[in-house]
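Modelling step: build the complete structure from the supplied sequences, incorporating the hints.
Listed below, chain by chain, are the residues.
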Amino acid sequence: MTQQISFSAAEFADNPEPRCACLLLLDVSGSMAGTPIAQLNEGLHAFRQELLLDPLAMKRVEVGIVSFGPVTIEAHFTEAGGFIPPALVARTDTPMGEAITRGIEMVRRRKEEYRTHGIAYYRPWIFLITDGAPTDGWAEAAEAVQAGEETRAFAFFSVGVQGANMGILEALNPHRAPLKLQGLQFRELFTWLSGSLKSVSSSTPGAELKMDSPRGWAVL
Amino acid sequence: MLDRLVLEDGRPLTLGQELGRGGEGTVHALPEMPEDVAKLYHPAHFPDAEKQAKLRTMVQVYDDELATYAAWPSHTLHRVAEGPVIGFVMPRMGDRHPIHMLYAPGSRKRLLPDAGWDFLLCAARNTAAAFEAIHSRGHVVGDINPGNILFAADSRVALIDCDSFQIREPGLTHRCKVGVGHFTPPELQGLQAFDAMDRTVAHDHFGLALLLFHLLFGGRHPFTGVPLRSEAGEVLDTDIRAYRYAHAPDAETRGLKAAAGAIPVTLVPEHVQALFLRAFTEEGTHVGRPTAAQWVEVLDGLRGSLRRCDRNGNHAHPAQTGWCPWCAFDSQGLPYFLPHAPRTRRPMLEPFQIHRFWWQVEAVVPAPLPERPDVDRLSATGTPLPKAGRGVLSRLRLPKAEARQRHEARYEAEEAFQEAWREVEQKLSLQAFQACKQRLSTLKQTYLELARLEGQEAMAMLDRVRLREVERLLRRHAVEDAEIPWFSPAKRQRLATAGVTTAADVTREALGRVPDLGGTLVKALLDWRSGIERQIQVDPIRLATGQDRERLRRIADGRRQDLEEELRAGLATLKELEATRARQRPALLEALGRAAARVAQARADVAVLG
Chain A
1 MTQQISFSAA EFADNPEPRC ACLLLLDVSG SMAGTPIAQL NEGLHAFRQE LLLDPLAMKR
61 VEVGIVSFGP VTIEAHFTEA GGFIPPALVA RTDTPMGEAI TRGIEMVRRR KEEYRTHGIA
121 YYRPWIFLIT DGAPTDGWAE AAEAVQAGEE TRAFAFFSVG VQGANMGILE ALNPHRAPLK
181 LQGLQFRELF TWLSGSLKSV SSSTPGAELK MDSPRGWAVL
Chain B
221 MLDRLVLEDG RPLTLGQELG RGGEGTVHAL PEMPEDVAKL YHPAHFPDAE KQAKLRTMVQ
281 VYDDELATYA AWPSHTLHRV AEGPVIGFVM PRMGDRHPIH MLYAPGSRKR LLPDAGWDFL
341 LCAARNTAAA FEAIHSRGHV VGDINPGNIL FAADSRVALI DCDSFQIREP GLTHRCKVGV
401 GHFTPPELQG LQAFDAMDRT VAHDHFGLAL LLFHLLFGGR HPFTGVPLRS EAGEVLDTDI
461 RAYRYAHAPD AETRGLKAAA GAIPVTLVPE HVQALFLRAF TEEGTHVGRP TAAQWVEVLD
521 GLRGSLRRCD RNGNHAHPAQ TGWCPWCAFD SQGLPYFLPH APRTRRPMLE PFQIHRFWWQ
581 VEAVVPAPLP ERPDVDRLSA TGTPLPKAGR GVLSRLRLPK AEARQRHEAR YEAEEAFQEA
641 WREVEQKLSL QAFQACKQRL STLKQTYLEL ARLEGQEAMA MLDRVRLREV ERLLRRHAVE
701 DAEIPWFSPA KRQRLATAGV TTAADVTREA LGRVPDLGGT LVKALLDWRS GIERQIQVDP
761 IRLATGQDRE RLRRIADGRR QDLEEELRAG LATLKELEAT RARQRPALLE ALGRAAARVA
821 QARADVAVLG
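The listed protein sequences derive, respectively, from chains A and B.
Numbering-wise (the numbering used here), the first sequence opens with residue 1 and increments by one.
Numbering-wise (the numbering used here), the second sequence opens with residue 221 and increments by one.
Think of the hints as simulated: they come from the structure by calculation, not from any bench.
Hints should not be assumed to be uniformly reliable.
Example chain A residues on the side facing chain B (calculated, C-beta under 10 angstroms, incomplete) [said to hold, decoys possible]: (1) E17; (2) R48; (3) Q49; (4) P55.
With a cut-off of at most 20 angstroms between alpha-carbon atoms, the simulated SDA-like pairs for lysine to any residue come out as follows [stated by the list, open to error]: (5) B:K477 - A:K180; (6) B:K329 - A:S8; (7) B:K329 - A:L52; (8) B:K329 - B:K620; (9) B:K664 - A:Q49; (10) B:K743 - B:P709; (11) B:K477 - A:S8; (12) B:K477 - B:T458; (13) A:K111 - B:T458; (14) B:K711 - B:A724; (15) A:K111 - B:A480; (16) B:K477 - A:R115; (17) B:K743 - B:A702; (18) A:K111 - A:D54; (19) B:K795 - B:S661; (20) B:K795 - B:Q658; (21) B:K664 - B:R576; (22) B:K607 - B:P619; (23) B:K329 - A:T72; (24) B:K657 - B:L589; (25) B:K657 - B:F577; (26) B:K664 - B:V585; (27) A:K111 - B:S450; (28) B:K477 - A:E113; (29) A:K111 - B:R762; (30) B:K664 - A:R115; (31) B:K664 - B:G790; (32) A:K111 - B:R449; (33) A:K111 - B:I761; (34) A:K180 - A:M166; (35) A:K111 - B:S661; (36) A:K111 - B:E451; (37) A:K111 - B:K477; (38) B:K329 - A:K180; (39) A:K111 - B:D457; (40) A:K180 - A:E42.
All of these numbers come straight from a predicted model, not from anything done at the bench.
Cβ atoms here follow ideal geometry from the backbone N, Cα and C, with glycine treated the same way.
See below:
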C-alpha cells in the first residue's frame with residue numbers, strides 16, 4: 001500500500017499533541033530602524049529560549065511570523081521546538097490592513113490542517129506589534145478581526161510601540177484593548193507572551209484564556 | 221537561608237544543594253539521606269492548616285512499596301520541632317522524564333531510538349500497576365495529567381506531585397482540588413471547581429485509560445479525530461462530555477473519526493478494544509470502567525503474545541495482526557519506529573542538562589592550599605650544651621664541634637622543610653584543577669552556543685533548499701523560448717552547443733564563454749533570467765524534506781553528544797584530581813608539620829649557642 005502522504009501527516013504523527021498557534025504580526029516599517037528592530041530581534045530570541053525550557057509547550061505551541069511592510073511571511077507555523085527566529089530588517093511602509101488579512105488567512109488554513117489531521121487545538125492567538133499607523137486601508141481587516149473574536153476563531157491582541165496610533169488599534173478590535181509598550185521592553189513582552197502561552201498550552205484545548213498581568217512591559 | 225530543619229520526629233536534617241525550583245517551592249538534595257530529596261515551600265506558599273494535616277497523614281500512611289510507584293512524602297519538615305509543616309521529604313526520582321516524551325513518537329524516537337511497541341506496552345502496564353498501588357490503599361490520584369507521570373529508561377513509571385492526591389484516612393478525606401480538563405471524565409466535565417467534591421477511583425479509571433491509550437496508540441488523545449460535524453472537534457472538553465470517542469465502532473454518529481495517519485485501535489485484540497470502548501463511552505460512566513488491576517492483567521496477557529518483525533527488530537506488535545503494522549506505516553511515510561541500529565546511534569537516554577551538569581562541577585570544591593607554617597611561631601626549647609671536660613682542649617674543641625653540629629643540623633632541617641613545602645606546593649597545587657575547570661567552563665560556553673549555531677545551520681539549510689528549488693524552476697524555462705529581440709537562430713544554436721539551454725544555465729560566466737553574443741544580448745538574457753527569478757516564490761520551510769531535516773539533526777546530535785562526552789570526561793578528571801589531592805593531603809601535611817617542628821627545634825638548639 002503506497003499512498004501519497006503529505007509532510008504534515010508525518011509531522012502530526014510524530015507529534016499529535018493539541019496545538020496552540022501563535023501568529024506574530026510584526027511592523028518592520030522604516031521607523032523601526034536601529035535600536036527598535038534590534039530589540040525586537042533580541043526579544044524573539046528570548047521568546048524561543050523561554051519556550052524551549054518547557055518540553056510540553058515546545059510540542060504544543062506553534063509560532064508563525066508575518067512582517068510588514070511589505071507583507072512577508074517570515075515563518076510558517078512550526079512547533080516551538082523547530083522555530084528559528086528570523087533576523088528582521090526595517091524596510092518601508094506600514095501595510096497593516098493587508099498583514100492582518102493575510103495573517104487571519106494563515107491561521108484559518110492552519111486550523112483547517114489541524115482538523116484534517118485530527119489534531120485538537122487551542123484558540124489561536126494573533127499578536128500585532130506596531131509603532132505606526134496603517135498606510136493602507138484597514139476597514140476590511142478590522143471587520144475580519146471582530147468577526148474572528150465574535151466567533152471565537154482566534155484572540156487578537158495589539159501592542160503599540162512609541163509612536164503607534166493607539167486610536168486605530170482600539171478601533172481594530174473593540175473586544176480587547178490595545179496595550180502600550182513601555183520604552184523598548186520587547187524582551188519583557190516576549191517573556192510574558194511565552195509564559196502566557198505555556199500556561200494556556202498546559203490547560204485544556206478550547207478553554208477560556210487566562211493571562212498574567214502585562215505589568216513589567218506595558219504602560220498600565 | 222534555612223539550612224537546618226527538623227523532621228516530624230524531632231531529628232535534625234541538613235538541607236543540601238538546590239536541585240530544582242517550581243512555582244510552589246524548591247527541591248533540595250539531602251546529604252544525610254542520599255536516596256531522598258526535600259521539597260521546601262516558598263514562604264508565600266506555606267501550607268495552610270488543612271494542607272499540613274494532609275501532609276502529616278500522608279507521612280503516616282507511607283510505605284516502601286508505595287515509594288516505588290510515587291514520590292510519596294516520607295517525612296514532614298519543620299523549622300522547629302513541633303512547628304508548622306513547611307515542606308516534606310520524598311524519594312528521589314533520579315533520571316526520569318514526563319510521560320508525554322515517551323508517548324509522542326517524535327520525542328520517543330529521539331530519547332529512546334530503539335524502544336519498540338513492546339517497551340510502550342510495558343510502560344502502559346507499569347502505569348496501570350502504579351494506579352493499582354494507589355487505589356488499593358484507598359487513595360485517588362485526581363489530577364491526572366501528562367506532566368505528573370514520569371518514566372525511566374527501564375520503562376518503570378512514577379507518579380509525582382502526590383501532595384495533590386485525594387488521601388483517605390479513617391473518617392476523613394483530604395481532597396484533591398485540581399484537575400486538567402482533557403483528562404477529566406465526561407460526568408465531571410463542566411464542573412466549576414474540584415474542591416467541593418470527593419473524587420472516586422471511577423474518575424481515575426477514565427484518566428488511566430486515557431494515558432494507556434496515549435501510550436499504545438502513538439500519543440493521540442482518543443477524543444480527537446477528524447470532525448464530521450461542525451460542533452465536533454472545537455473544544456476537547458465538549459467532545460469528552462459528548463462521548464465522541466473517535467475509535468468507537470459507531471464513531472461516525474458520535475461526530476469524530478480517527479485521522480488517516482493514526483494507529484487504528486484494531487492493533488490490539490478485540491477484548492482489549494472492548495475495554496477501551498467501555499472506558500470511553502456511556503457504559504463506563506453508568507456501569508463502571510475497567511479498573512487498574514484489570515488493565516494490569518490484560519496488558520500482561522498481551523505482553524505474552526507479541527511478534528517481532530523479521531525486517532526490523534524494533535517492530536514488535538500483537539501476534540493477532542498477522543502482518544507487521546509498522547512496516548505498513550513505514551511504506552506510507554509514517555515511520556512510527558526507527559530501524560533497529562543500536563550500535564550506530566547512541567541513544568539519548570538521559571537528555572543532558574547543562575545547568576544540572578554544572579551544579580555537579582560546582583559541587584567539586586577543592587581543599588585550599590595549606591598555609592606555609594610560620595616556624596618562628598612554633599615554640600621549642602633549645603637542648604642545653606653538654607658539660608665541658610676539664611682539659612683546655614676539650615673546653616675549646618667540644619663547643620666548637622657541638623656548634624658546628626648544631627649549625628649543620630639546622631641547615632639540614634631548613635633544607636628538609638623547604639623540600640617538604642615544595643612537595644606540598646607541588647602535589648596540592650590548584651593549578652591542574654583550575655586548568656581543568658577552566659577547560660570545562662570553555663566547553664560549557666560552547667555548549668550554550670549550540671542552539672544559536674544550530675539555528676544558523678538551519679537557516680543555511682533553508683537557503684540551500686531555496687536555491688535548489690529556484691534552480692529547478694529555472695530549468696523549466698528554455699532559452700529557446702525566450703522572447704528577446706536580436707536573438708538570431710544562429711546565436712540560439714551557439715548557446716545550445718555551449719550547453720546553455722535553460723534559464724538556470726544563463727549566468728554571466730557561462731555566457732562569457734560563448735563567442736560573439738554581443739553585449740546587448742548578454743544583458744537581455746540576464747534580464748530575462750532575473751525577470752523569471754523575481755516571479756518565483758519559494759517557501760523553503762515547506763519544501764525542506766524529512767531528509768534535509770534529518771541530516772541537520774544528525775550533525776547537531778553528533779556534535780552535542782561529542783561535547784557531552786567531553787564534558788563528562790572533564791568532570792571525571794576534575795573529581796579524580798581533587799580525590800588525589802585529598803588522598804595525599806594528610807600525609808603531606810603531617811610531613812610538613814614534622815619538618816617545621818624540626819626546624820624550630822634546630823633553631824632553638826642553635827640559639828642556645830649564644
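Right, here's what the structure says about each hint:
1. E17: At about 6 angstroms, which falls below the 10 angstroms cut-off, the nearest Cβ of chain B leaves the hint on E17 (chain A) intact, so it holds.
2. R48: Because about 8 angstroms separates R48 (chain A) from the closest Cβ in chain B, which is inside the 10 angstroms limit, the hint holds.
3. Q49: holds (8 angstroms)
4. P55: Constraint on P55 (chain A) satisfied, holds at 6 angstroms.
5. B:K477 - A:K180: At roughly 45 angstroms apart (the allowed maximum being 20 angstroms), K180 (chain A) and K477 (chain B) break the hint.
6. B:K329 - A:S8: holds (18 angstroms)
7. B:K329 - A:L52: holds (18 angstroms)
8. B:K329 - B:K620: Violated. K329 (chain B) to K620 (chain B) sits at ~88 angstroms, over the 20 angstroms cutoff.
9. B:K664 - A:Q49: It holds: about 17 angstroms lies between the C-alpha atoms, which stays within 20 angstroms.
10. B:K743 - B:P709: holds (18 angstroms)
11. B:K477 - A:S8: With a Cα-Cα distance of about 18 angstroms, the restraint between K477 (chain B) and S8 (chain A) holds, given a limit of 20 angstroms.
12. B:K477 - B:T458: holds (16 angstroms)
13. A:K111 - B:T458: Distance of about 18 angstroms is within 20 angstroms: holds.
14. B:K711 - B:A724: Between K711 (chain B) and A724 (chain B) the Cα gap is close to 18 angstroms, so the pair holds against 20 angstroms.
15. A:K111 - B:A480: holds (17 angstroms)
16. B:K477 - A:R115: holds (11 angstroms)
17. B:K743 - B:A702: holds (13 angstroms)
18. A:K111 - A:D54: violated (23 angstroms)
19. B:K795 - B:S661: Holds, at about 15 angstroms.
20. B:K795 - B:Q658: holds (14 angstroms)
21. B:K664 - B:R576: holds (12 angstroms)
22. B:K607 - B:P619: holds (9 angstroms)
23. B:K329 - A:T72: violated (35 angstroms)
24. B:K657 - B:L589: Given pair K657 (chain B), L589 (chain B) holds - Cα atoms ~17 angstroms apart, limit 20 angstroms.
25. B:K657 - B:F577: Distance of about 13 angstroms is within 20 angstroms: holds.
26. B:K664 - B:V585: Given that 20 angstroms is the threshold and the Cα spacing comes to 18 angstroms, the pair holds.
27. A:K111 - B:S450: holds (13 angstroms)
28. B:K477 - A:E113: Cα-Cα ~15 angstroms, so holds.
29. A:K111 - B:R762: Status holds; Cα separation ~17 angstroms.
30. B:K664 - A:R115: Violated - the C-alpha atoms of R115 (chain A) and K664 (chain B) are around 43 angstroms apart, more than 20 angstroms.
31. B:K664 - B:G790: The hint holds at about 11 angstroms.
32. A:K111 - B:R449: Holds. K111 (chain A) to R449 (chain B) sits at ~15 angstroms (cutoff 20 angstroms).
33. A:K111 - B:I761: holds (18 angstroms)
34. A:K180 - A:M166: Holds, at roughly 8 angstroms.
35. A:K111 - B:S661: violated (45 angstroms)
36. A:K111 - B:E451: holds (14 angstroms)
37. A:K111 - B:K477: Distance of about 17 angstroms is within 20 angstroms: holds.
38. B:K329 - A:K180: violated (44 angstroms)
39. A:K111 - B:D457: holds (18 angstroms)
40. A:K180 - A:E42: holds (19 angstroms)
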